[in-house]
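Trainee: Protein chains in written order, with this note's numbering: chain A, 115 to 589; chain B, 1364 to 1585.
FYI, nobody ran anything at the bench for these hints, they're computed from the structure.
There could be a bad hint or two in this list.
[Claimed, not checked] Here are the simulated DMTMM-like cross-link-like pairs (lysine to aspartate or glutamate), alpha carbons at most 25 Å apart as the crow flies:
1) B:K1475 / A:E314
2) A:K290 / B:D1482
3) B:K1506 / A:D400
4) B:K1506 / A:D398
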Amino acid sequence: MRLTTPAFKDNARGALADPNLQESLGKLRTGFQAIRADAVAGLPDFEALRDTARDLKDHTLANLDEYLTRYEAKVIELGGHVHWARDAAEARDIVLELCRSVGARKVTKGKSMIAEEVGLNEFLEANGIEPIETDLGEYIVQLAKEPPSHILAPAVHKTVAQVADLFLEHHGKYGKTRRLEQPPELVAEARDVLRARYFEADVGITGANFLVAENGASVIVTNEGNGDLTQVLPRMHIVLTSIEKVVPSLDDVSVLLRILARSATGQEMSAYTTFSFGPKRADDLDGPDSFHVILLDNGRAAMLGTEFQDILRCIRCGACLNHCPIYGAVGGHAYGWVYSGPMGAVLTPALIGITDAAHLPNASTLCGRCESVCPMRIPLPRMLRDWRRKAFEAKLMPPRARAGLAVWAWLAARPALYRAITGPAMRLLAAMAGRKGRFRALPLAGGWTGGRDLPAPQGATFQAQWAQKQRTRRR
Amino acid sequence: MSDARADILAGIRASLARGPLAAAGRDALDARVGGPPDAERAPADREGRVALFRDKAEAVSATTARIASLDELPGAVSDYLAAQNLPSAILATPDPLLDGAPWDTQPLLALKRGVPGIDDLVGLTCAHGGVAETGSLVMWHDKNNPHSASFVPETNIVVLPASRVVGSLEEVWPEVRAAATPPRALCFVTGPSRTGDIGLRIELGAHGPRRLHVVIVDDVET
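Required output: the full structure, derived from the provided sequences and hints.
Mentor: Written out as structure tokens, the structure reads:
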């Protein structure tokens, strides 16, 4: 996919001015936050399970090499094949080679963020193989030739009317020529169109939510059932996934399942949780003849042992997106690549480099809601600060911002001088603001006041108020 | 052994600042697997579990019925199809459990056994078990119950022996571990297929079944 991360600011400006997007994002904010809160309230040990989940994933990452080789051995025992891909190009090549080995023309796909990460669809198309997205949201964005804008709801940025237009435009070739208005009719039409595609496909590609080292299972969690039809009907099933998806045992999967759906969609359990164990058995009546797993690294191994290791605990529930004021304002496309929201702002710089992704760590108010809802207790704000520091060290900030920070740092390191300057300055600003208590415009602060008012200082600095409080307490 | 595999494993070990795990380290990982469930998540008695299963399944838009024995199964299936105004042609899986039901008592039901095709609208499958905590069916998709049977037909009727309803997910794992080989697919099915992808409105029947009807049978002990 085309990378537009360096243009985050322009993307965000466009997103804020898009009324359709703003309508969709409004629904997302209210909907997902409320259903998660209800689901969490219904499970008394949810907080304890978050600790367990964090610890089990930390344990896995500390033994990742061992768990991956155990998983591999079990898949081979089941009659499957495991392929290792260092980067996106290797993963694409392996998929293509596998598709060609069975003469594939059509490939159905369940939702896979890794397939997005490696840019699989464009690559298959360029090589004469038609990829067909089957997750309804992915199908919609595929028709629109857009990337997904949310992990769970890839087409959340599309209004019902926009989906209706897309279906009218693309479903004519299947004899569907009436513009449908209502979601139930639209879902039914997509079901009808895609049903035949499942039966035609030569290869089915799914992602994986978890890989189980204990027994070689790959696990997908879906609500539509598309991932199951994708893997059972074609002759070959390819699981395209990444190395940090492995967990030690079934016990670990049940812990993660208990918090995943609640954090994501507020469900106690998604409609379908499917464990796949290799290709069809000799006496099975259906299932793929061959089963392949592609394990992608793409920079993840190098993140172990660094300040960014914790993001590898992420189980892609989307809770941090749903609770982020920035994501809620600009949506997923503004982030300019596959992953968005707080987890995307941390993961993307690690995968594509901080130079192209320098804006993302700043696309946060550091309000901390993401960390407070993350089922895996990932310290997202801390890592966003770490990326800001790295961007600063790499001199990726505009010179004026760097100079401003340098002046502030010099001053902050001299407390007496800092107090001497800020005290009178705050009193002056308070006096200038008068009774309104805010500024509509202020010299040198146009970047702030252009979009909103600046609240005026209350007359005393934080340090002065703190000192006053301490004195009162001692008395 | 491909270069990529060796490189990735070496990269992991370099980042973790250690070599391959020694035997003692590997044994410690083995000791982690298994163990009892962390909490009681459902009533200990069968009646309590079945009641919780039905509540939870119905809360996610499945329907349930309960019958005393397999003798009542054909009638229960007929009644459900009639009530839903559905055709009486059924694709049933080869599960031997279904052989024990007196299908000739319902001459209007046209029962076909095997795997479903694109035109099969009603499917009849047998669950391996149920999980009361979440109202989930445990579908053991092997030769007796093909995987596609749970997903292709628009209406899925599932036979669930009451004796096979356990409390939590964790109680299923010992059976998976005890199996000589696992089934090709093990699915936990919780309600009918659904999507929220158009306008963030939940619609049933996205790709899998639009309707999920669970018939709980009392006298089957397995």
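Trainee: CA of K290 (chain A) to CA of D1482 (chain B), is that 25 Å or under?
Mentor: Satisfied, since the Cα-Cα distance of roughly 19 Å is no more than 25 Å.
Trainee: Starting from K1506 (chain B), check that the Cα of D400 (chain A) is at most 25 Å away, please.
Mentor: OK: K1506 (chain B) and D400 (chain A) at ~8 Å, within 25 Å.
Trainee: Going straight from one Cα to the other, do K1475 (chain B) and E314 (chain A) come out at no more than 25 Å?
Mentor: Within the cut-off at roughly 23 Å; holds.
Trainee: Between K1506 (chain B) and D398 (chain A), does the CA-CA distance stay at or below 25 Å?
Mentor: Holds. K1506 (chain B) to D398 (chain A) sits at ~4 Å (cutoff 25 Å).
Going down the numbered hints, you'll see the structure goes against none, and every one checks out.
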